[in-house]
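*Asks:* Given chain A's structure and the hints, the job is docking chain B onto it.
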Amino acid sequence: GIQVEQSPPDLILQEGANSTLRCNFSDSVNNLQWFHQNPWGQLINLFYIPSGTKQNGRLSATTVATERYSLLYISSSQTTDSGVYFCAVAVQETSGSRLTFGEGTQLTVNP
Amino acid sequence: DGGITQSPKYLFRKEGQNVTLSCEQNLNHDAMYWYRQDPGQGLRLIYYSQIVNDFQKGDIAEGYSVSREKKESFPLTVTSAQKNPTAFYLCASRRTGARGGNIQYFGAGTRLSVL
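So the sequence lines, in the order shown, correspond to chains A and B. In terms of the working numbering, the first sequence opens at residue 1 and continues consecutively. In terms of the working numbering, the second sequence opens at residue 1 and continues consecutively.
Extracted from the complex, chain B is given alone in its bound form:
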């Protein structure tokens, strides 16, 4: 099936630990995005990438890092510098270009909790 796969569905982090959330897409989309959602709120943009080996900070990038070594993969690392990491994390992708290039599609999300 074509789509966006996020793993794991649930993740627990210990104090001082870095954890990495996986996002893979087989839609051949150029752009990929990471969002954070806190309870009862909308989504906020963490990082995004338009092409391989290039990415930009979103509105809440502090305490997070990303890489984009392959077109289909955009992993997010939650570092120990992120003091309040408990949230729901959603990955999205978008096909750039004039024809249908503005629609973002989302994965099923990863719930991160601190032990």
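Bound conformation, chain A alone:
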């Protein structure tokens, strides 16, 4: 099946710093989602971005489908950005679209 690799596994920042998280995947996809998992375990949708670039406030994401990677940018980080960031991809199958998750990037933002 498709492989998803995220880097770095851990990232520690000072408040106000910028960061880039990377997601590499091993096959063509028709779905790529970025999630933030908060301390209570809730998965929050950040972006649906199988290709192209999107921005939402301090967050932006770019997916280069032909080169099989996606980047999540966090600017002017805040302590509330702490948590685990997951990339998940899907390949359309006859029985539906199943997400395969990476192992995540644990982000800690210190005040």
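If you're looking for bench data, these hints aren't it; they were derived computationally from the structure. No residue lacks a Cβ here, since even glycine has one placed at the ideal position from N, Cα and C. Heads up, some of the hints might be wrong.
Unchecked claim - Restricting the straight-line Cα-Cα distance to at most 25 Å, the calculated cross-link-like pairs of lysine to any residue (SDA-like) are:
hint	chain 1	residue 1	chain 2	residue 2
1	B	57	A	103
2	B	9	A	2
3	B	71	A	26
4	A	54	B	113
5	B	57	A	91
6	B	57	A	3
7	B	9	A	28
8	B	14	A	82
9	B	9	A	80
10	B	9	A	42
11	B	9	A	91
12	B	57	A	28
13	B	57	A	26
14	B	83	A	103
15	B	71	A	45
16	B	71	A	103
17	B	9	A	26
18	B	57	A	2
19	B	9	B	84
20	A	54	A	79
Stated by the list, open to error - Just so you have them, the derived chain B footprint on chain A, three or more residues with Cβ under 8 Å:
hint	region
21	14–24
22	38–47
23	97–111
*Replies:* For chain B alone, kept in the frame of chain A given last:
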């Protein structure tokens, strides 16, 4: 409010016991999914269903069973055959179709522990 409701938030299982986790959605989504998350890891797919009365195994279906009798409900049973059930379980749903049909939305999860 529209959304996905999982219950209970915390569940304890005794040895040899089957337990059922509830997942209900009022988003009118056709597809529903169950994932398992172990500490420090990503999510893995247990079962999924595209339509009522139909479901498929995911990557780690052994020791689990599901049913899809209603569009809004997709309960997961953790059977006694699952020898390591302690984990965080997440339910998701997706609206099928070309317009916005690829985005999965998640419930708040159920934490299952073995007594």
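*Asks:* State the violated hints by number, sorted upward, taking the hints as numbered earlier in the document.
*Replies:* The structure breaks hints 2, 3, 4, 7, 8, 11, 16, 17, 21; every other hint is satisfied.
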